[in-house]
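Asker: The hints should help you fit chain B onto chain A, whose structure is shown.
Protein chains: 2
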Amino acid sequence: MKKSSDGIGIMDKPPEPSPDELAKRSLNKIKNKIMVMSGKGGVGKSSVSVNLAIALAEKGFKVGLMDVDIHGPDIPRMLGLSGMLEASADRKLNPMHYSDNLSAVSIESLMVNKDEAVIWRGPVKHGAIRQFLSEVAWGNLDYLIIDSPPGTGDEPLTVAQLIKDARAVIVTTPQEVALADVRKSISFCKTVKMEILGLIENMSGYTCPHCGKSVDLFGSGGGERTALQSGLKLLGRIPFDPRVVQCGDAGVSYSRQYADSPVSKAFLEIVDQVAAALEKN
Amino acid sequence: MKKSSDGIGIMDKPPEPSPDELAKRSLNKIKNKIMVMSGKGGVGKSSVSVNLAIALAEKGFKVGLMDVDIHGPDIPRMLGLSGMLEASADRKLNPMHYSDNLSAVSIESLMVNKDEAVIWRGPVKHGAIRQFLSEVAWGNLDYLIIDSPPGTGDEPLTVAQLIKDARAVIVTTPQEVALADVRKSISFCKTVKMEILGLIENMSGYTCPHCGKSVDLFGSGGGERTALQSGLKLLGRIPFDPRVVQCGDAGVSYSRQYADSPVSKAFLEIVDQVAAALEKN
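Protein chains in written order, with this note's numbering: chain A, 644 to 924; chain B, 644 to 924.
Keep in mind the hints are simulated off the structure, nothing from the lab.
Heads up, some of the hints might be wrong.
A pair counts as met if it fits within one copy or between any two copies, since identical chains are not told apart.
In silico lysine-lysine, BS3-like type, Cα no more than 30 Å apart, as pairs [what the hints assert, rightly or not]:
no.	residue 1	residue 2
1	LYS757	LYS836
2	LYS876	LYS833
3	LYS674	LYS833
4	LYS807	LYS833
5	LYS674	LYS702
6	LYS735	LYS908
7	LYS856	LYS908
8	LYS923	LYS856
9	LYS807	LYS923
10	LYS833	LYS757
11	LYS702	LYS923
12	LYS757	LYS876
Chain A extracted, bound-state conformation:
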């Protein structure tokens, strides 16, 4: 029999749990899992994920933010986090810490060169996302917010397969082209049997900073219409505010900086709606 360096037979060691088993153990310590998805890119999905996570954390919940957008990971920049993940005592990876209540993981925090493209086909991405669960020391969480890339491809499919009790929040902008893609997200959730908590209409109207008059950049009301048609709850409408973009670029918390803005108030209402929808279950 082979001997390891400490003289104990390797065969005597208990077998390593499988990655699926390890992922399950991590998930057992997390109460609520919410995947933020969108049919179309650029509807502000990552902004919504970040601001939702921050708002929940500031209410006192323990929150994890998992960025499963492998090709366009925006979460670290938006949270102002730039380091790499480090190993913990039990050889797991420690998530990055934004605050006492909010930790985050992204593919970017595993890459030395942040400008390098991740050119992976689907099955490799599946493995990476599973590692985000199996090898990260998330600890006990009230919420895991999962920021998914747009569409209904490998990443959201992997989340649906690994996290059976994940629920979806769908973000859209009000124009018809975006809404057509939202209907695909709804169809996706039905197919994989993922409950949808509701819809968020983002970039819904804009107030000119010079004259104070309202402009519909991407149309308006489309999210509400789609929610009605598909029997979903409209969790809230978030107006467009260029300062959300600026804060995201600078890695600064918008809701802390502009606590009294209409956008921040919309987020707080959405958090209440989400919490209420979860309590019903």
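Answerer: Quick look at chain B alone, frame taken from chain A:
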């Protein structure tokens, strides 16, 4: 030996060419292939693809528009095309016709229920995109514009592998989070050895329709800065105009409807820049 119904031995028929060979034959009849890509979603990549294709077609070129965004195909709606692809005499699929000079293909034109999600892992998508080339009767074209989904995943990788002489145009909005993802697109093109024709900065500034004053919705100048830093050509800057969104939703040609607008002029300039960049080669 088995006999077919007309009495001729099946073995006498020449072997069916492989899908790769068929794709190659289609591509041999197409002069210029341009993949419109972006690091981030929602930067108006599909709008740019559509308007670029229309502008080229109106200049008298024969243009094909291939929508390889499998999970969020927007091209048919934007062109106002809703039918299904039909088989031609030689058992190939006829692309949809927008005008004499512009034809298009999208996964949506193969689906009966347009709201259904396509939940496919990478390798299946590869096969579908190859069929867009091998089984579609594109005919002789001056330009094939390829609208790719955001990021550096399966779809652009498949395009790079199947269309060796494809060149890239990268679309971005001016904010830093978008630009971080653009650098990933540049890294992707270097890795797969795809020439980059240049960068387009979209949604670059906005003029309030009420007071006429200028607002930077997504910041401004970031595309120019990134082009400079990475030694790429800036092909043009397109201002934000909500009517682009409205036209896209309605399937109406923006450049026909608003020929004198700053956006239409920006597109014409970009077409000239693209043509000039291609002539140099």
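Asker: Does the structure break any of the earlier hints, and which numbers would those be?
Answerer: 6 and 8
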